[in-house]
Amino acid sequence: MEILQGLWDGFSVALAPANLLWCFVGVFLGTVVGILPGLGPPATIAMLLPLTFSMNPTSAIIMLAGIYYGAKYGGSTTSILMNVPGESASVVTCIDGYQMAKKGRAGAALGIAAIASFVAGTVGVLGLMLVAPPLAKFALSFSSPEYFALMSLGLALVVLLAGRSIIKALLAALVGLWIASVGTDLFSTTSRFTFGQMELLSGIDFVVVAIGVFALGEVLANMESREDTPLLQVPKGLKNLLPTWQDIKDCRFAFANGAIVGFLVGTLPGGGSTIASFLSYGLEKAVSRRREQFGTGVIEGVAAPEGANNSETGGALVPLLTLGIPGSGTTAILLAALVLWGFKPGPLFIPEHPDLFWGLVVSMYIGNVMLLVLNLPLVPLFAQVLRTPAYVLYPLILGVSLVGVYTVSGSMFDLMLLLVFGLLGYLMRKLDYPAAPLILGLALGAGMERALRQSLMMSQGELSILVSRPISAVMLSLAVLILLIPLFGKFNAWRLRALEQ
Amino acid sequence: MEGGTRASGDLWSGGALALLGVYIVVQASQWEYSGPDGPGPGFFPLWYGIAILALAALLVVSHLRRAPARRNPIDWRRVARALSTWLALAVSVALFKTLGFVVGFALLTYFIVAAMYRKSLKTAALVALATGAGFYLVFEVALGVALPAGVLGF
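Protein chains in written order, with my numbering: chain V, 1 to 501; chain F, 502 to 655.
Computed spacing ranges between beta-carbons, pair by pair: (1) V:Ala286 - F:Leu638: 48 to 56 Å; (2) F:Ala616 - V:Met198: 34 to 42 Å; (3) F:Val652 - V:Thr194: 27 to 35 Å; (4) F:Ser535 - V:Gly410: 38 to 46 Å; (5) F:Ala616 - V:Asp9: 51 to 59 Å.
Stretch by stretch, here's where chain V covers chain F in the computed footprint (C-beta under 8 Å, at least three residues): (6) 587-600; (7) 604-612.
Partial list, derived from the structure: chain V residues whose beta carbon lies under 10 Å from chain F: (8) Ser165; (9) Trp178; (10) Asp185; (11) Ala221; (12) Asn222; (13) Leu396; (14) Gly399; (15) Tyr426; (16) Asp432; (17) Gln460.
For the record, the hints were derived by calculation from the structure and aren't laboratory data.
Just so you know, even glycine gets a beta-carbon here, dropped at the ideal spot from N, CA and C.
Turn these sequences into a full structure, and let the hints steer you where they fit.
Following this line, the structure appears as structure tokens:
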């Protein structure tokens, strides 16, 4: 009953003309961003975040979420037509999608990608709607030790799945914690790591780091080469984009597989859409009667991962909105956005801001319909975006990044910090340090320190408080276990193999 | 990045991170670790500083103990292209105070199109003019966003 009432309220919010417009803007931008290789959703959301400060927060989160899931629709286009994934979650779509395109079935591949995304994306939103409210109620019993343990567990999972080297991922996360410490300590008013700069007393803005590491880092890495990738012919006309009934029948299990695997992986911090798409592809291949044909242009090999990476969005919003714990770089930026607009994601978020939560949920249903309508007939048009020359695209990204940072504070100092973090983002890519743990460390740093210090104040300095409470003890034990995985050769070999694949 | 490059990068980045760890630990030890109200401002940084130091040392040691990787030379031309772009961006930001955002950004665009992508000077000038004017019209005029202004007033 509560859910039905929430949905009813959500429709009244999401169907407001302004919110419908922003939802459309978000999914449209998301599709374009997904199509463009070298510009991912975290970079786009980070760049556009400052421009949302003057917007109504509900409209703003609807738009940013639209970019987040819209990019996953668009990401398949380049994977299928160019064998170049528009974003990391579409890597696996290249395997069978590009082969289908080479055999002249690009239309069916693009069509099934859009349909699978729609089906699984809708199931993901349904999961968010059903799981988030009860989880938030359960989390009401959490106190500082549980929050510290939960954040440690989230960070540990992200570190585990972020890259080949756990040491590098951990170092990135710790540097994120350090950046979060810069500024005035709110408990004691001591200034920390400010290098004598007045501008650093209020800390380093999350937006500056996120835009620097993601957007500038990406542009600099892409500037290394001048080559263009050839584009396969996009079929014209809606009829040519529709898969046959046989294709749909072949993909029945792939739709369900993508939807369930994607949602479950999304709820885990560190899971992310890339892992969701690989897992569902692997599962699809394992149970298929024609598994030996996978890799040669099998339509289920497109439907399963495309479904999973869309369903993951709904799952990823569960820990973000109910616990205040982001599971990836993109959701960390969405967390920062909510905080900047004055909200506190956590167990009280849904009861305190039902309009925002249910409005977002319903807007995601509507956004998925918009994306299906946009993606089926307009794929040829969207593919034209790929013809934007790099020498026009990259200056535009740099310009929006500079304006985005300058809008936050109107400070030239922040622009200089942006340069520093841009260089850091580039070097991290070159040296194989994952960016997600750094961004997550930065997003969680202040909260982790506060939770730890409050826990120790509660226990008068006794660290045992962290392990004497059952929930925090279990979560901390899991976090420690996760970080010890590299010591177990067999598990680590499996992890590395999975990451390599 | 290629294996050999990454391996030597591990050594240098490990060294730099170890220095960062030392800096954090030294700074944190100057702040109160624990007081009557609980942990002080030095408590949390001290522990993550130690962790950075230890992990960076582990990275360096594991690099030194590893068998020398097959060397793949760094493609300095590619790195130079990225760093030249970064340098041009830095110069452009430095020019914002005197020339303003619109002119500084147009110059950056001109450099990228003409020097990095080797397009004709005419194309570069057209793209630079269009992007500079486009940003001014969209952000300053349409959205009312204040961009850094120079001596020309925009």
